[in-house]
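The hints should help you fit chain R onto chain P, whose structure is shown.
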Amino acid sequence: MSYLEYTVKSVPTGLRKVLYLNWPLVLLITAVAGSGFLMLYSVAGGAYDPWAAPQMKRFGLGLALMITVALVPIWIWRNLAGVAFGISVLLLIGVEFFGAVGMGAQRWIDLGVIRLQPSELTKITLVMFLAAYYDWLPAKKISRPFWVLLPVVIILIPTALVVQQPDLGTAILLLSAGGGLMFLAGVHWAYFASVFAGVIGLVAAVFKSRGTEWQLLENYQFRRIDTFLDPASDPLNTGYHIAQSKIALGSGGWTGRGFMQGTQSRLNFLPEKHTDFIFTTLAEEFGFVGGISLLVLYALIVVFCLVSAVMNKDRFASLLTLGIALNFFLFFAVNMSMVMGLAPVVGVPLPLVSYGGSAMLVLMIAFGLVQSAHVHRPR
Amino acid sequence: MRRSRAETDASHTKLSRRAALLGGVQLLFMGGLAARMQYLQVDQADQFRLLAEENRINIRLIPPVRGEIFDRNGVQLAQNVPSYRIVMVREDAGDVEQVITRLASLIDLTPEQIENALAKPKRSERFLPVTIAEDVSWEAVSAVSVNAPALPGIVPEVGSTRVYPRGSDFAHVVGRVGRVSSKDLDALEDPDAVLRIPRFQIGKINVEAREEALLRGVAGTKQVEVNATGRVMRELERREGNPGADLQLTLDSKLQNYVQARLEGESAAVVIIDCEKGDIVANSSAPSYDPNLFIGGILSKDYDPLLNDKYRPLVNKTVQGAYPPGSTFKMMTAMAAIEAGIIGPDETVYCPGHLEVGGRRFHCWKRSGHGWVDLETSLKRSCDVYYYDLALKVGIEKITAMSNRFGLGIRHDLALSSVNSGLTPTKDWKRNNRGEDWVIGDTVNASIGQGFMLATPMQLAVMTARIATGREVTPRLIKTVNGVEQPIKGNESLGMNENNLRKMRKSMYSVVNDRRGTAYRSRIIADGMRMAGKTGTSQVRSVVVNNSEVPWEQRDHALFVGYAPYDNPRYACAVLVEHGGGGSSAAAPIARDALLQALYEGEPPLEAYPTADRARIKTQQRRLRDVEPKARVKKSSDQA
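Protein chains in written order, with the working numbering: chain P, 1 to 379; chain R, 1 to 640.
Pulled out of the complex, with its shape left as it was, chain P reads as follows:
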């Protein structure tokens, strides 16, 4: 265990750890979540209910969870990585049988207290498990075919289950995050090049399969792609979302129409204005300045994670931090591309801002892991 090579004496103990948290990161996260509260308050027509108040409570809970997770030594998390991944895969299988139907897909498990989305959990546990795997794997074996194939299988198991739900957005995020982690761990270039070529082939195959018996995607997924390629083809349904979203963004202009003055969201022209399309409301009401500010906050979170990871000599901690940062990046990058009409509508929320329970809590736990890695880094 590589960690033991370093002296642990300088690592803070007990509640003193709180002082060694990555506080700038905490502040950035709070700032982003704060802008989320503001927007949820606005889209409710200037009311804390039904969205802003529960979201604030959840963020409070999330913050507590984050600090709790941060206080637990990082090596304990590493040892738990396999178990956590196993549980989330079991939950993914369970959701097939006991899941509640929401948004036309089986995604939820109702635990009474909270409606758990196993796919959200999997995004973190997969990263954890892969980080642990590459921490354990000797450097020379990394690029050997068998040791490359193994993580690929690890990634594909949850991905396949998520596609089954069907949740294309999360599946893409899982694949990207897993692939990203393999790249960070140092897998040879050639593998990525060949996979890249393979993906292009697959995309071609997917389009070729359309309308045949072995159709690879659901019809609604095909339609979403169609709409993305030509939103005008379906102006009243799926294309409507993109068109209205662009109108909202564009009408914001430089400085926006003012807080709670966004007509597109206030008059319900925007779909899912409190979840997936919340960025449009922000961009409409606060304009280019507001949108760029949020983007900068996100960029800073990613950069802080990156710096923290590079400074960390512990391989697991470093990989985990980078994986979570990549995950976070993929989250908002896909969401923003979607609302700006650069990507198909795949149903990915805006991290920390969109209304939603499990996504927020899972993300806070993930940042707890990042903090734990930061606090317990070898000095």
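Hints are not guaranteed to be accurate.
Under the rule of at most 30 Å between Cα atoms (straight-line distance), these lysine-lysine pairs were calculated in the DSBU-like manner [unchecked claim]:
1. Lys141(P) with Lys14(R)
2. Lys140(P) with Lys14(R)
3. Lys17(P) with Lys57(P)
It is worth saying that the hints were derived from the structure and are not from the lab.
Frame of chain P, contents of chain R only:
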């Protein structure tokens, strides 16, 4: 397992390198997002702002209030009254079935209405009101209002509809409105957007239609903010329109009511014109109908009898009906000859009872002949041969020209539908329209208002007023628009020799007041109220037989034109009774009654009538006193 420090360092360096690379890619992507944001929000902002405004702002029209119509004394002829309908907003109703059941127990609903109310809402947005019952009574509205707490989502709505309180009296003048039909829209090149408002009413015939532009007004607009489903969130801006202009007609509703009642049972038309201003004070066509039946669509059980009636109640005979003027035209033939200097008013012509023209024998109505007749005698006794003779001497062109000067063959510009221009034939007209040459017999026929000659009662009344005044009296129907007096035309002299005119009037006086005149039985004996006039009996077929022996359709039309008082003309009148028989028996009495009613501004004293008639007139007056017109006016308007 232990690893060498070097190995760990090496893998960490590699990790950092790849982390930096991936971080770089991420930042690059974020830069791309920022660029996209800049493109949408800065470069394309104006365009998208416009689209957002189009999304949210709807322009709604506020229908203008239609102008109302009054008679010359301010009596309302067409008014706007609130009409009530019951609508339901499904969103507020909750349990629709229960609410409708309750509503049905309160007000009368047909099974169809209930079925519609239950079925229709499912097809529309929940917040849009759905009409359950239209044109409901005020009682129903009260019942709904009082029980409002038990009827969530049920709202009485107030609209406006047109009511004609004088009903059948003015159907042929005021006309009626109706819902805009697709035919109406097609007929217009650039239809006013307001016409597309549901339930909007436009004038269909007569004044309502011809003065549509004045009556309609201009629609206001309101800009409303709507949400994605079209629900109105708030009003942004309101621009009031202009209400339509109120019109005052020249007609006197009291006189009109009397004349209409007097014509009851006949297929007839009466026009009375004020000689001084040309004001049409009465314009009656019988039978009439209740225009209120047409508003909101007429039922075929009401419409079919109107359509199939041989008396044609839907036709306004005063301007739409063109009839051979018969002997009432004789003044024109005489004026043409006298003004041309062909014959003096006192020169005589011998009437042997017929005249040979081009090998054809034209009879006088009196086969035995009238002997030597001058203008006065010929008119008084309605000798035909005198006019045959004059016509042959003066020629058709001069007769036609003269009758045109007196307003025959001219389409008078009145705000009524399908105004007929009648026909004063010329040689060219016959060649162009019949493809035949004019023959001398045509002139002979025209001289006594037969043959091709056609005139409307309106034209005959104008002709009479022009004879009475010597001025170019022009009929006027609209007295004021929004209180502004409309111009009076026709003060110019006709340019006739005053002596000739005087002689003509004297002859017409004799027709009525001379013991041997054809209208002697219809004279007025009150001093200063004496009537002058001319009877006419125009043939519908060419063989003369006894009128009482042929079916109604083949009987002669009875006509009378006249004015009073003789020495100071105030009103001119034309009466036509379709297939009424003789002008002296069927038309002249009506003219006398109508003119007296006009002159006395109400019921005339019995002393105005000859002693022999008084008993009969007394009963008639009692019968015709304030006969209520047919006007089915809804209850709700009484309450409002």
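Here is how each hint holds up against the structure:
1. Lys141(P) with Lys14(R): With a Cα-Cα distance of about 15 Å, the restraint between Lys141(P) and Lys14(R) holds, given a limit of 30 Å.
2. Lys140(P) with Lys14(R): The given pair, whose Cα atoms are some 13 Å apart, holds under the 30 Å limit.
3. Lys17(P) with Lys57(P): holds, 25 Å
Checked against the numbered hints listed earlier, the structure breaks none of them; every hint is satisfied.
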